[in-house]
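Same order as they appear, the protein sequences are chains F and H.
Residue numbers for the first sequence follow this note's numbering, beginning at 1 and rising by one.
Residue numbers for the second sequence follow this note's numbering, beginning at 1001 and rising by one.
A couple of the hints might just be wrong.
Said to hold, decoys possible - Under the rule of at most 25 Å between Cα atoms (straight-line distance), these lysine to aspartate or glutamate pairs were calculated in the DMTMM-like manner: (1) H/LYS1080 to F/ASP252; (2) H/LYS1098 to H/ASP1146; (3) H/LYS1081 to F/ASP13.
I should point out that these hints are in silico values taken from the structure, not numbers from a laboratory.
In this text the structure is predicted, and so the values were computed from the model without any measurement.
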Amino acid sequence: MKLERKDILGIRDLSVDEINLILDTAESFLEISTREIKKVPTLRGKTVINLFYEASTRTRTSFEIAGKRLSADTINISASTSSVVKGETLIDTALTLESMHPDVIVIRHSASGAPHLLAKTIRASVINAGDGTHEHPTQALLDMMTMKARKGRIAGLKVAIVGDILHSRVARSNIYGLRKMGARVAVAGPATMMPLTMVEMGVEVHHRIEEAVLDADVIMMLRIQTERQHQNIFPTLREYARYFCLNRRHLDLAREDCLVMHPGPINRGVEISPDIADGPASVILEQVANGVAVRMALLYLLTGGKA
Amino acid sequence: METNRVVMDAEGIDRSLTRIAYEILEKNKGATDVALVGIRTGGVFLAQRLQRKIAAIESRDVPLGVLDITLYRDDLDIAKKKPRLEKTDIPFSLDKMKVVLVDDVLFTGRTIRAAMDALIDFGRPRFIQLAVLIDRGHRELPIRADFVGKNLPSSLWEDISVNLVEKNGRDEVVIEAAR
């Protein structure tokens, strides 16, 4: 089994075999981050550019560390300090970067589809690190890796995803991935944050968190994205928290060994109560560790071997 | 050359491993600070067997590690297929250890070069020795084995397979004329 593609743009186009290959490879990469010398020479001489048009700490750092632990030269460009502020278009920026012969460009952009445009324009591999409200494939892969590591499987698990489903690229990528891998997915959120496409994606739709988390093996809480709340889709954060903030009472409805996940950054007291975020069911920090391994796996699988 | 030729049977393999286990203990004056590291996949099974043999002689288990050398290969850019990465597991410190690398076949030496680079990333062993079941020649790097089961001069167009019960159901070493 080999990853026969230039780019990773979304989970939607990945096959089950490809997802399994990525997850297995990522598991083998975990060990490197526990070594005293956290570096292998595999991508020596390769160049990875992180092109971030949106704020990010964990995804950008995670990609940067992944590249560096594989010995690739990793360069970070954030829109606020680049020629983008002078009015350069995405394609012009891409062509400029292309002339410097990078091997992989990791892009985060507020416009859905921006990575696809980039992938069509340049020869380097493109990894989508989150595009608008569309997909965030590496997040879904690390989430699935975390579930598989803790539960031993993905097929047959009940996963509840709670929050702003409409604006969440994390939810969308996870739903594509989890459905392909045979998990049951239930979503819950205010009606104003629930896209109409959920049912055709094979997802159970609820409007009360209590119904979604019932007997769940995994509860995935989504961040309330204040940066995407242009239209007022709920009255106040306090009211949202009253109905959808994950607390002990909700967790008691789920399975006893239920995992609590969150893509971060967390808004304590808004979507998740602090005692749950810091409690024994929470695997939030494990997700971060697995994120580095997943990104190392993708960089490894996408580069070289082209002879 | 149309047929496969068995050059070592189960008893032969077992006797060679018994001798290698004694040689490891002789050369290192016992099992103190000795650690075995098997190279995936064939070397891992041989290292496990050597560990059992050493335990039977010295009544103690020497530490055993598993190494996947994929990330250290020098042909990743030219390989047609990305090799599948498996887990590396060295659950002990290599510092000041007498490390015996174990592999099934010693050929060009490139795998051993990669394995040594990997080991050095894990710490500073006192020294590294090499144990192989088969040495088939054709070295491309200045590398030699300390412990050899059988020297098997071969042609470049022949394939040598070490079959092991743990891997494919039976113990034997076979020379196959390449198709």
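Can the restraint linking H/LYS1081 and F/ASP13 be considered satisfied, given a maximum Cα separation of 25 Å? Measuring from Cα to Cα gives roughly 21 Å; hence the hint holds.
25 Å Cα cutoff - pair H/LYS1080, F/ASP252: violated, 52 Å
Given pair status - H/ASP1146, H/LYS1098, alpha carbons within 25 Å: holds, 13 Å
Hint check: a violation occurs at hint 1 only; the rest are consistent with the structure.
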